[in-house]
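Listed here are the chains, written in short residue letters.
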Amino acid sequence: MTAVQLVALLLVALGAAATVAARDPVRQAVVVSLYGLTLGILFFAFQAPDVALSNIVIGAVALPTMIMLAIAKTRQ
Amino acid sequence: MSDRPAPARRPGELSFEGRRRLFLAGAAVLGGLMLWGLGGLPDFDSFTPLYGQVINHVGVQETSATAAVSAVNFDYRGFDTLGEEFILFAAVLVLALLLRRLGEEHTTPLRKDPRRAHTTSAAVRLTCYMLVGPTVLLAIYITGHGHLTPGGGFQGGVIAATALLLVYLGSDYPTMQRLRPLSLVETAKAGGALGFVLIGLGGLIASGSYLQNFLPLGEPGELVAAGTIPLLSIAVGIEVSGGFVLLLSEFLDQLLVIKRKRDTAA
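For the protein sequence lines, the chains are U and L, in the order given.
7 is the number of the first residue of the first sequence in our numbering; add one for each residue after it.
15 is the number of the first residue of the second sequence in our numbering; add one for each residue after it.
For the record, the hints were derived by calculation from the structure and aren't laboratory data.
Predicted model only: the values in this text are computed from it and were never measured.
Positions of the beta carbon are idealized from the N, C-alpha and C atoms, including for glycine.
Among the hints, erroneous ones may be present.
Here's a subset of chain U near chain L, in silico, CB distances under 10 Å, partners left out [to be verified]:
no., residue
1, 23
2, 26
3, 30
4, 31
5, 33
6, 34
7, 36
8, 39
9, 54
10, 55
11, 57
12, 64
13, 67
14, 71
15, 75
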């Protein structure tokens with residue numbers, strides 16, 4: 007395992023823990039976006055750039071957007 | 015959490031303790047199965063799958079696509095991708111059905127509310143405007159170069175949809191609505207899916223098997239090469255971008271346009 011892969015794994019572990027630790031759903035949506043980005047870095051470090059591209063767009067943009075919109079709707 | 019009063023239970027509903035026991039039992043079974051599965055995995059860095067080796071050896075000669083993943087997605091396993099396309103198609107369709115305007119809801123006209131105007135700062139708006147063009151270009155690049163470099167129709171399609179999200183962030187909903195006529199978006203979504211099916215039928219007619227790569231393969235590394243692979247990638251890109259734009263629009267409609275009657279009656 008290379009140093010880059012190790013750092014990527016640690017970042018993902020940190021991001022996942024931070025997502026669980028954030029209790030407010032709005033903050034959680036922002037943290038899960040960063041977590042999606044770290045997963046993208048992980049996939050890239052493990053030589054899966056196709057999956058990395060998908061995850062950066064879905065995990066870091068689309069999923070948090072859906073969560074935010076859903077929260078906004080329920081708070082109306 | 016524990017000092018909060020327990021919510022009233024409906025008859026037949028599990029108690030908190032019962033739910034916890036059910037969760038722990040389920041988690042124990044799932045955890046055991048996962049550990050068992052993890053134990054059977056090959057060691058880190060030592061896995062050399064036969065399928066991957068075969069693709070790496072013959073993929074470029076057989077398909078002229080330098081991106082092995084795209085060669086698998088759109089050629090060797092093209093039929094699986096067809097199934098995946100229709101999973102997304104069905105998912106967006108069901109979402110549109112679920113988020114439709116119900117009998118007790120009505121649509122409100124989007125009028126300019128002075129209190130909500132300019133809620134985003136000029137810096138955010140400028141950044142969004144500057145990013146829209148490059149994002150669209152990136153989406154076209156990722157989709158069109160699917161057979162050459164990592165990426166393809168799915169990734170490109172979602173990136174294209176995020177360009178519209180940038181428009182919404184940088185301006186307002188009416189501006190975004192003008193940029194995405196829903197009939198065009200729906201046509202793109204359906205047309206992309208249909209395109210994939212038709213290209214597959216072309217293989218059936220020309221070469222006798224569905225999704226067979228029947229077009230000239232050209233030289234590996236050229237933009238116009240790899241036969242049907244870039245065409246399928248573009249079809250997927252159109253479908254996915256349409257699907258995600260529709261998804262985004264349905265959610266935003268729910269938030270900004272569709273209101274329950276009793277909320278606005280007062």
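Outcome of the hint check:
Given hint, residue 23/U at the interface with chain L, is violated; its Cβ is 18 Å from that chain's nearest Cβ, farther than 10 Å. This hint is violated: residue 26/U has a C-beta 15 Å from the nearest C-beta of chain L, more than the 10 Å allowed. Residue-level restraint check for residue 30/U is violated (minimum Cβ-Cβ distance to chain L is 15 Å; threshold 10 Å). The interface hint given for residue 31/U is broken, as the beta carbon of that residue sits about 15 Å from the closest beta carbon of chain L, more than 10 Å.
About 18 Å separates the beta-carbon of residue 33/U from the nearest beta-carbon of chain L, more than 10 Å, and the hint is not met. Annotation: residue 34/U was flagged as interfacial toward chain L, and the flag is violated, the nearest CB pair being 17 Å apart, outside 10 Å. Because the smallest distance between the Cβ of residue 36/U and any Cβ of chain L comes to about 14 Å, over 10 Å, the interface hint for this residue is violated. About 12 Å separates the beta-carbon of residue 39/U from the nearest beta-carbon of chain L, more than 10 Å, and the hint is not met.
With 10 Å as the threshold, the beta carbon of residue 54/U comes within range of chain L, its nearest partner Cβ sitting at about 8 Å, so the hint holds. With a cut of 10 Å, the hint placing residue 55/U at the interface with chain L holds, because the nearest CB-to-CB distance is about 4 Å. Given the 10 Å rule on beta carbons, the hint for residue 57/U holds: about 9 Å separates it from the nearest Cβ of chain L. Proximity of residue 64/U to chain L holds as hinted, the smallest CB-CB distance being about 6 Å (cut-off 10 Å).
Residue-level restraint check for residue 67/U holds (minimum Cβ-Cβ distance to chain L is 5 Å; threshold 10 Å). Checking residue 71/U against chain L: minimum C-beta separation of about 6 Å stays under 10 Å; hint holds. Interface restraint check for residue 75/U: the shortest CB-CB distance to chain L comes to about 4 Å, inside 10 Å, so the restraint holds.
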